[in-house]
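For the sequence shown, counting from 1, position 71 maps to 77 in the numbering used here; every step adds exactly one.
Calculated from the structure, these hints are not laboratory results. C-beta atoms are modelled at their ideal positions from N, C-alpha and C, and glycine is treated no differently. Careful: at least some of the hints might be erroneous.
[What the hints assert, rightly or not] Label-pair ranges, simulated between beta-carbon atoms:
| no. | residue 1 | residue 2 | range |
| --- | --- | --- | --- |
| 1 | 60 | 159 | 25 to 35 angstroms |
| 2 | 29 | 147 | 36 to 46 angstroms |
| 3 | 48 | 119 | 26 to 36 angstroms |
| 4 | 119 | 63 | 15 to 25 angstroms |
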Amino acid sequence: MVTARLFAFASAVILAAACGSSGPATSFSTTLAGANEVPPTTSTATGTATFTLSGTTVNYTVTYSSLSGPPTASHMHVGASTVSGPVVVPFSGLPTTASGTFSGSFTQADIKAQTSPVINTLDDLLAQMRAGNTYANIHTTAHGGGEIRGQIAGH
């Protein structure tokens, strides 16, 4: 009897683990395009950005092609898809080519605090990312306000 209960319990634990978690998103991505900028650009450049939460660190990879020139800056901003919002996390390690990939990571210490919406902690930023209120973009000399942009979505 005890063996049967133990087997049933172990089976339930394995089944629950196999079903996965429906908890908050820890992976995020976006597709970058000129049409997503505010105001839109006519750039034919494209890109992708992925973000993965690992403990208290967010790792990111941004890949882009056919920019009008090398990137001059790249950031995560807070804001809906229809607005230009403030920078919350600057990205580093930008290539000096019109097509390329860069990767990095950030922690709470890298977040530029905001008051509307309030973003002071990594949890605050993750809540905005999960709500679809953040975006990534890449700036160039020809497009100082941003050449390509994409709203970040959780998975």
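Consistency of the hints with the structure:
For residue 60 paired with residue 159, a C-beta distance near 19 angstroms fails the hint of 25 to 35 angstroms. Against the hinted window of 36 to 46 angstroms, the Cβ-Cβ separation of residue 29 and residue 147 comes to about 42 angstroms, which satisfies the hint. Between residue 48 and residue 119 the beta carbon distance is about 34 angstroms. The supplied range of 26 to 36 angstroms therefore holds. Checked against the given bound of 15 to 25 angstroms, the beta carbons of residue 119 and residue 63, roughly 18 angstroms apart, stay inside it.
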